[in-house]
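Peer 1: In case you want the letters, here they are:
There are 2 protein chains.
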Amino acid sequence: MNAPHASHPPLSSLWSTDPGTALRVGRGFRLTDVDPSSTPGFDGKKKHAEAELADGADELSELQERLFAASTGGATDAVLLVLQAMDTAGKGGIVRHVVGAVDPQGVDHYAFKKPTKEELSHDFLWRVESRVPSAGRIGVFDRSHYEDVLIGRVRELAPADEIERRYGAINDFEQTLVERGTRIVKVMLQISSDEQKSRLTERLERPDKYWKYNPGDVDERELWPHYQDAYQIVFDRTSTSLAPWHVVPANHKWFARLAVQRLLIDALRGIDPQWPAPEYDIAVEQARLAAT
Amino acid sequence: MNAPHASHPPLSSLWSTDPGTALRVGRGFRLTDVDPSSTPGFDGKKKHAEAELADGADELSELQERLFAASTGGATDAVLLVLQAMDTAGKGGIVRHVVGAVDPQGVDHYAFKKPTKEELSHDFLWRVESRVPSAGRIGVFDRSHYEDVLIGRVRELAPADEIERRYGAINDFEQTLVERGTRIVKVMLQISSDEQKSRLTERLERPDKYWKYNPGDVDERELWPHYQDAYQIVFDRTSTSLAPWHVVPANHKWFARLAVQRLLIDALRGIDPQWPAPEYDIAVEQARLAAT
Chain A
1 MNAPHASHPP LSSLWSTDPG TALRVGRGFR LTDVDPSSTP GFDGKKKHAE
51 AELADGADEL SELQERLFAA STGGATDAVL LVLQAMDTAG KGGIVRHVVG
101 AVDPQGVDHY AFKKPTKEEL SHDFLWRVES RVPSAGRIGV FDRSHYEDVL
151 IGRVRELAPA DEIERRYGAI NDFEQTLVER GTRIVKVMLQ ISSDEQKSRL
201 TERLERPDKY WKYNPGDVDE RELWPHYQDA YQIVFDRTST SLAPWHVVPA
251 NHKWFARLAV QRLLIDALRG IDPQWPAPEY DIAVEQARLA AT
Chain X
1 MNAPHASHPP LSSLWSTDPG TALRVGRGFR LTDVDPSSTP GFDGKKKHAE
51 AELADGADEL SELQERLFAA STGGATDAVL LVLQAMDTAG KGGIVRHVVG
101 AVDPQGVDHY AFKKPTKEEL SHDFLWRVES RVPSAGRIGV FDRSHYEDVL
151 IGRVRELAPA DEIERRYGAI NDFEQTLVER GTRIVKVMLQ ISSDEQKSRL
201 TERLERPDKY WKYNPGDVDE RELWPHYQDA YQIVFDRTST SLAPWHVVPA
251 NHKWFARLAV QRLLIDALRG IDPQWPAPEY DIAVEQARLA AT
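Top to bottom, those sequences are chains A and X. Mapping the first sequence onto our numbering, position 250 (from 1) lands on 250, and the numbers just tick up by one. Mapping the second sequence onto our numbering, position 13 (from 1) lands on 13, and the numbers just tick up by one.
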C-alpha cells in the first residue's frame with residue numbers, strides 16, 4: 001500500500017505537542033485551570049495559524065473525499081464533530097471556516113435548538129440518533145445531546161435522577177456509535193467571561209450583528225459559574241477513552257479554528273480511508289465505453 | 001435605504017450579455033443549437049473566469065448571510081438551485097466550487113437518488129416537497145423532480161399519461177414555491193457526447209476516480225439522443241416566466257461554474273436581503289449586559 005499522505009508532513013514544527021494530546025480532557029482535568037487566551041501546544045502566532053489553516057483545508061478536503069469514496073466500497077467509517085460552548089465562543093466560525101473547506105456533499109451539519117414538543121415526548125437521545133452521520137460522511141452537531149446535561153442541569157429541565165441517568169446513557173450511545181465505525185471528536189470551546197461580554201457588546205453595536213444577539217444570551221450569561229460547573233461534570237463523566245473531550249481555548253479564534261481542524265484531520269488520518277477497488281471489470285467497461 | 005452592494009460592480013466588462021439573459025431558455029429554444037464548448041455572454045478566458053469566481057464567492061457568501069439574517073427578522077425569501085445534467089457534466093463540481101463558498105450552515109444540499117419503495121408509493125413530488133429550503137436558506141437539488149420526466153420518460157417508468165400529467169404538476173408546484181418566497185434557479189449543464197466519453201474514460205484510468213464510475217452510466221449514455229429529446233420537452237413545457245430554465249454549456253468547467261455562480265448571485269441580488277432591525281431595545285440590552 002502506498003503512503004497515502006506522503007505530501008503532508010505530520011505537523012509543522014510550530015506544534016510542540018500534538019493538539020490531540022495537548023487539548024484532551026484526561027484524569028484530573030479542571031476546566032478552571034484552562035486559560036482561554038492560551039494556545040496549548042502551538043508556538044506560532046496568528047499569521048502562522050492562518051497559513052497552517054489554509055494548508056490544512058486542502059488535506060481535510062482530500063481526506064473527506066477519500067472517506068466518502070471508501071464508503072462507496074463498503075467502508076463504514078464516519079466522523080462526528082460535536083461542538084459545545086457558551087454563546088459567542090465561535091461554534092459558527094468553526095463551521096464556516098473549518099468545516100466550510102470541505103465539499104458540502106460530504107457534510108451533514110445540524111444545529112440543535114430548543115427541543116420541540118414532539119422531541120420532548122421522546123427520550124433525549126431520540127432526536128440525536130436520527131442525525132448521526134451515515135458511512136462516509138462528516139457529521140457536525142452544533143450543540144448536541146450534551147445540552148440535556150448542561151442547560152438541562154443548570155435550569156433543572158428534568159428531575160435530578162433523570163439528569164444523573166443521562167451521563168451513562170450518553171456513554172453507552174457514543175460507545176455504540178464508535179463500534180459502528182464513527183470517530184467522535186468532542187470539542188468544547190472555552191472563552192472567558194470578559195471575552196463573551198466584549199463579543200456580545202459588539203453585537204449590540206453593529207447593525208449587521210444585531211440579528212445574532214438574543215436577550216436570552218444575557219440570561220444564560222448570568223448563570224456562567226453554573227454552566228462551568230455543569231461542563232466540569234460532563235468532562236468528569238463522559239470524557240471516555242473511546243470518545244474523549246477536548247477543551248479548546250477560544251479567546252483567539254485563529255487558534256480555535258486551527259486546533260479543531262487538526263483534531264478533525266487526526267481523526268481522518270486515524271481512519272486512513274483508501275480509494276476503493278472497482279466493483280466492475282475495468283477492461284470490460286473500457287470496451288463497452290469505446291463501443292459507444 | 002443604503003445601496004447594499006456598492007462595493008460590487010454589477011458585472012465585469014468581460015460579460016457582453018447578462019448571464020441570466022444569455023443562458024435563459026425562451027420561446028423557440030432548441031437544445032441542439034447549443035454548442036457545449038461555447039461561453040455565451042462571456043468574452044474572457046479560463047484565467048479571467050477563475051478570478052471572477054473568486055471575487056463572486058465573497059459576494060455570494062455575504063448575500064447568503066444577509067438572506068439568513070433577514071429570515072430571522074421574518075423575511076420568507078429562500079433560493080432553490082435545481083441542477084440537472086447527463087452524467088459527468090459537472091454537477092458535483094458546481095456544488096463543491098460554487099455552493100462550497102457559502103457557509104454550510106445556510107445551505108441544504110440534497111442529492112436525489114433512485115426513489116425508494118416508500119417514495120414510489122407516493123406521488124412523485126412527495127419526496128421533493130419535504131426537501132424544499134426553508135426561509136433564509138439556499139437549497140440545492142442535485143437531480144430533482146425532473147428525473148421523473150427524464151429517466152421516467154426515457155425508460156417508461158410510468159404510464160405515458162402520468163408522464164404527461166407531471167409537466168403541469170411541476171409548474172403548479174414551482175408556482176406555489178415562488179409565491180411562498182422561493183426563487184428557483186433551474187440549471188441544465190450541457191456537455192457534448194464526446195466530452196462525456198472522455199470524462200468517463202478518465203474515470204476508468206485513475207484509481208482515485210474508479211469509485212465515480214458506474215456501469216449504468218454507459219447504459220444511460222447509449223440513450224443519449226432520447227435524453228436530449230426528453231430535456232427538450234422539459235424546456236418546452238416547464239421553462240416558465242416564474243421559473244425559467246437556463247442551459248449552461250459545460251464542456252468548460254470554468255465557464256459552467258462562473259455562470260451558475262452568477263445566476264445564484266443574480267437571484268440573491270433580486271431578493272436584496274437586508275439586515276433585520278433588532279426585535280429588542282438596544283439601550284435596555286446594553287444596560288443589562290453592562291450589569292453582568
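Derived from the structure by calculation, the hints contain no laboratory data. If you're wondering where the values come from, they're calculated on a predicted model, not measured in any experiment. Heads up, a few of these hints could be off.
Since copy identity is lost for identical chains, a pair holds within one copy or between any two.
With a cut-off of at most 20 Å between alpha-carbon atoms, the simulated EDC-like pairs for lysine to aspartate or glutamate come out as follows [as the list claims (entries may be wrong)]:
| id | residue 1 | residue 2 |
| --- | --- | --- |
| 1 | K197 | D281 |
| 2 | K209 | D272 |
| 3 | K209 | E62 |
| 4 | K46 | E205 |
Peer 1: The structure should be examined with respect to each hint, and the outcome stated for every one.
Peer 2: Going down the list of hints, with the structure as the test:
1. In this homomeric assembly, K197 and D281 come within 20 Å of each other (Cα to Cα) only across copies, at 18 Å, whereas the closest approach inside a single copy is 62 Å.
2. In this assembly of identical chains, K209 and D272 lie within 20 Å of each other by CA distance solely across copies; the values are 17 Å between and 40 Å within a copy.
3. In this homomeric assembly, K209 and E62 come within 20 Å of each other (Cα to Cα) only across copies, at 13 Å, whereas the closest approach inside a single copy is 34 Å.
4. Taking the closest pair of Cα atoms, K46 and E205 never come within 20 Å of each other, the shortest separation being 25 Å inside a single copy and 42 Å across copies.
In terms of the numbered hints stated before, the structure departs from hint 4 and from no other.
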